[in-house]
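As given, the protein sequences belong to chains R and E, one line each in that order.
All letters in the first sequence, in the order written, are residues 1 to 656 by full-length UniProt numbering.
All letters in the second sequence, in the order written, are residues 1 to 656 by full-length UniProt numbering.
Some hints here could point you the wrong way.
Unchecked claim - Distance condition first, Cα-Cα at most 30 Å in a straight line; then the derived DSSO-like pairs of lysine-lysine:
#: 1; chain 1: E; residue 1: Lys301; chain 2: R; residue 2: Lys254
#: 2; chain 1: E; residue 1: Lys254; chain 2: R; residue 2: Lys301
#: 3; chain 1: R; residue 1: Lys254; chain 2: R; residue 2: Lys20
#: 4; chain 1: E; residue 1: Lys612; chain 2: R; residue 2: Lys301
Please keep in mind that the hints were generated in silico from the structure rather than gathered at the bench.
On a predicted model such as this, the values are computed, not experimentally measured, just so you know.
2 protein chains.
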Amino acid sequence: MMQTPSFTPLAVVELVSDTKEEAIAWLLSRIRDPQQNGGAELLVEQLGPGVGSQEKENPNLFLVGASRQRLLSGAEDVGLFKEFSDGSMRAFTCANKNNFKDFQGDGDDFFSMAECQYIIKHELDTLRAKDETHVPGYTQVKLYPGKSIIRRLQSKGIMIQMFPIHEKEELKRLSFSWYKKVKLSFQPLDAIRHYYGEGQAFYFGFLEYFTIALLPMALIGVPYYLFDWEDYDKYVVFAVFNLIWCTVILELWKRCSASLAYRWGTLSRKKAFEEPRPGFHGILGFNPVTGREEPLYPNAKRQLRIYLVSLPFVLLCLYLSLYVMMIYFLMEGWALSVHDEEPTFWTGILLFIPSVIYAVVIEIMNLIYRYAAEFLTEWENHRLESSYQNHLVLKVLVFNFFNCFASLFYIAFVMQDMVLLRQSLATLLITSQVLNQFMEAFLPYWLQRRRNKKMIRKVQKRTTLEDKELPLAEQVRLEADMSTYLGTFDDYLEQFLLFGYVSLFSCVYPLAAVLVVLNNITEVYSDAFKMCRVFKRPFSDPAANIGVWQLAFEAMSVIAVVTNFALIGMSPQVRAYFPDSETQLILWTVAAEHGLLAIKFILAFLIPDVPKHIQIKLARLEFESLEALKKKVRQSAQRIICPVMCCKNRLHTRHS
Amino acid sequence: MMQTPSFTPLAVVELVSDTKEEAIAWLLSRIRDPQQNGGAELLVEQLGPGVGSQEKENPNLFLVGASRQRLLSGAEDVGLFKEFSDGSMRAFTCANKNNFKDFQGDGDDFFSMAECQYIIKHELDTLRAKDETHVPGYTQVKLYPGKSIIRRLQSKGIMIQMFPIHEKEELKRLSFSWYKKVKLSFQPLDAIRHYYGEGQAFYFGFLEYFTIALLPMALIGVPYYLFDWEDYDKYVVFAVFNLIWCTVILELWKRCSASLAYRWGTLSRKKAFEEPRPGFHGILGFNPVTGREEPLYPNAKRQLRIYLVSLPFVLLCLYLSLYVMMIYFLMEGWALSVHDEEPTFWTGILLFIPSVIYAVVIEIMNLIYRYAAEFLTEWENHRLESSYQNHLVLKVLVFNFFNCFASLFYIAFVMQDMVLLRQSLATLLITSQVLNQFMEAFLPYWLQRRRNKKMIRKVQKRTTLEDKELPLAEQVRLEADMSTYLGTFDDYLEQFLLFGYVSLFSCVYPLAAVLVVLNNITEVYSDAFKMCRVFKRPFSDPAANIGVWQLAFEAMSVIAVVTNFALIGMSPQVRAYFPDSETQLILWTVAAEHGLLAIKFILAFLIPDVPKHIQIKLARLEFESLEALKKKVRQSAQRIICPVMCCKNRLHTRHS
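Here chain R stands alone, though its shape is the one from the complex (with noise of 0.2 Å):
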């Protein structure tokens, strides 16, 4: 065992302490075996033991690396994109690798660190069982041809994680960029592409677009907020302005995203076939698509699972959530009665004590939720980890959804009170900012500091080491223990929620847009802090847009359009235009809704998603592969006669 090892560490495979022998020495030899024979072809080594290693420490810490040649072949492997030698971006192969701008030489530096763990991770992933009918040491883990190792050991419980490791000089010089310094800038998104990979680069470029999109309607904001404190009815432009506001930041944003996506090459990357998730089971069978033996899982079982369980146990949280929303209700009511009763300055306060609580009540319940809706999806065993996303953000929306805006559609629709939607809408928001920044970036780095004294101060005790650059076997048991980045799920979703106060009812209280667009520089900050300090490196995933989040975002801003109409329709100024007919009011409003929906698609349907530069772009990509496939055709239809020629013709040159 040595400190060092030979090569460069990328990422970190951890198998519980005690692994038996023989299985370790199997899943080392598959992982080094040469790919002719079904192996990885990667490098791999034990990690030396920390300087505390008389402490009982896992031993069975691996770092995984590889050649520069293996990760060329793996890059074309998984599809890569690079930047071309004319500047666009290409699928990357080993044949005209030349091509590609900054290959030089050997191709050192070529691929980015993350871009080389992700081949690792890829490689892994993608290492099948031959012959072995189990795990060697572990009779009950079964193995058949094609099924996937590591997904199975972790699977199994055998393997505990698999992480890339940090690059410290790197990480340095990105979170001085990001957010060491406080200044008025965008923020690095190349460099966070570079680091994380496109997943988590689009969505700190969406909470920047996002946060950017919020300014003008914050501008506006404040004014209103500052002269018509208790006009209630000033609220008919603002609601309009909500309207179009939702639907083109949205549009934008679409176009915006296929700009980034296009620079980072993954916009016209295609998808490769998508495995099982790792916890997916069932019995045997054939692949319908690949003819490979895997577990199969009948879907009507499934729907079963989805229709009679999920959605009943959906129903009855929502129930819940309503009933607890009529507790909050009945809080109200009492301290409205208490306050009116002996008005003093705490009765006052007691006014907001419900919503206070009743906020925070919808936090655990929102988290509770999220809980047992991972459970559920998981149980559901969904084959595929999208479909498994799909409907895990579905159930999560929609509870998530009702939780926070039910109330708030009651006091305004219901109830009509304008001043108690103001201060609830007011509370809501605030509670849940205050809650989400601590839960999210304060605590996990709390805990995580804490880690990190224990682990200095323990290698400062046992060695003589001075300065605080830990040695490589520390960083790597550091960054073992530290938390697990679970992907940007909670951020998009609190992303979500915000949208939605924003667009749903601001226009009665324009504040919200100022307090979301606060939130959200120092949630940039700590999102950035808590993915340089607090958490493990992620594997980069190369996304190409956020995904299903934008659905969600703009089935948000159908809902907005509608519930700004009843906003409009209920207000005195527009009521005043029809003195004698509500029928004839509410026609109106119905008539002006269903047009703006329409001009709503309409818009979204004409305003290409792609810009018009970058289409044409990809259509030169797409015309020169097809002009170069003809190429081939013709040259290797003539490849085949002229070997034989070219024999002939030295065979020739010999004998004469």
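Keeping the supplied structure of chain R fixed, place chain E upon it in accordance with the hints.
Here is chain E on its own, set in the frame of chain R:
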């Protein structure tokens, strides 16, 4: 000049009779030239004079054919899909032609005649100018490298037309199984596709599907009509049925259409790069996609033409249509007053006269507007045929929708007169059906019949030919004189309007569905007849769906939801539930409408457009081609080494 050509003629090219000799010679040589020299490598011969050659007839008719080998390579060029030996549809390649089903020997009869003609058309269309600066003999007809010769000749009026010729035997068989026998069975869609191509087959498939989908509605409609003739209140149930029906059938059609497209191999077919339309003109420049020199027309100028000329023109036409509608209502009122004064049988009939006149005027206006729309869209100078089609369809649809339905909307929602609505709907529907059938099938048939008879008489007079079978030259000349089939546009438009009548208002006139079913049954026969006997054979076009019409029908179904809910809200039955408050009634109706619209969109989103089993097949093909690509990359990498090795080995063997 030979009477019978030495090859199977597939298509005919007709030039104007006074075309200069050098231009003809140049064109023929370019068509005959081998592909290496930039020619089309096709066979072409001048058509011999007809039996009536004494009369002045155009001598410049040319028969075009191709060798078997050329057809095979052409099929690869156009990316034709054929059935593979495993039953799947794959892009044909010469390299593995023997793995395709039905490929025997040299590949005779492997392609259908329609496919051969499509290949010929593609090869002629992509015959490009080399270094000619102009067409020989016509200095004003400029050419530049890469410009399509045929399109230039067409747009400059030197080439009159290019059309594929009929196969007498095949046509007889097809027409027999299609419309010659009155029977209760489905249309021979595969045979139609075989003879006319996918575009035609999709139209007839849709016509059939739509008619069958209307049957339940027609069946429910009959008892409604028979027993509730004067009971206008019962239509709520029918309106609800309407709503569900029109959502469901469109979703099912998408799946049905995907199945057809998969069977015919057009589902996964990639679109080739689209060439500019023949009539497109502009200043010479470089296409940013292909880099080829071609006319460019600034987008801004086109937008100006659309928004400053076309849009005002369409609005003017809509205003005119509104004006005509008002005249109709005046006439209607006058007829009613006459009838009320002194009601007799004749004044009873007089009541229907305004509607009949209005229906005829609507049809005439539609017809005139159609030509104006075509002229305007042509003038807008769209680069691509698809863009031209979209703008034309949009213009025509908006006007036709307004022209046909405005009076009905006015009667239903402003006058709220259900008796008049029923009467007006019935008159409009029946009159337009009668007119359409006459204009569409009978009139062209009668004209064609006269021409046919004249030609046969002429032939019989001048030759000793006894049987009615015409010689090739006469047959080609006869076909050249036939009307040109202008595509499925008008046929789809008619179905679209019928769909409108049925889905929007049929709840007040349940017999509408019955009338449409009857109309469509005769429509199948008259359309089939017209395709086989009245029109020139059209070139087949490989369509994968019904294109923009799917969208048009879906838009109509959304409008139908709104209309039907408004009708439900106005019905006495529903009003009886809210005796006190009209506001409550409207709010509940609007809420229910929003709910149904939401369900509609969710359904459209949830129901996969492509059936599961076809998705699996497509995924398998995709997976296999990916795997094959991987293998090919490896093989070609080995092949680079292999020939050298093989040469070395051989040399070694020889010398040892």
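Earlier hints that do not hold, by number: Failing hint: just 3.
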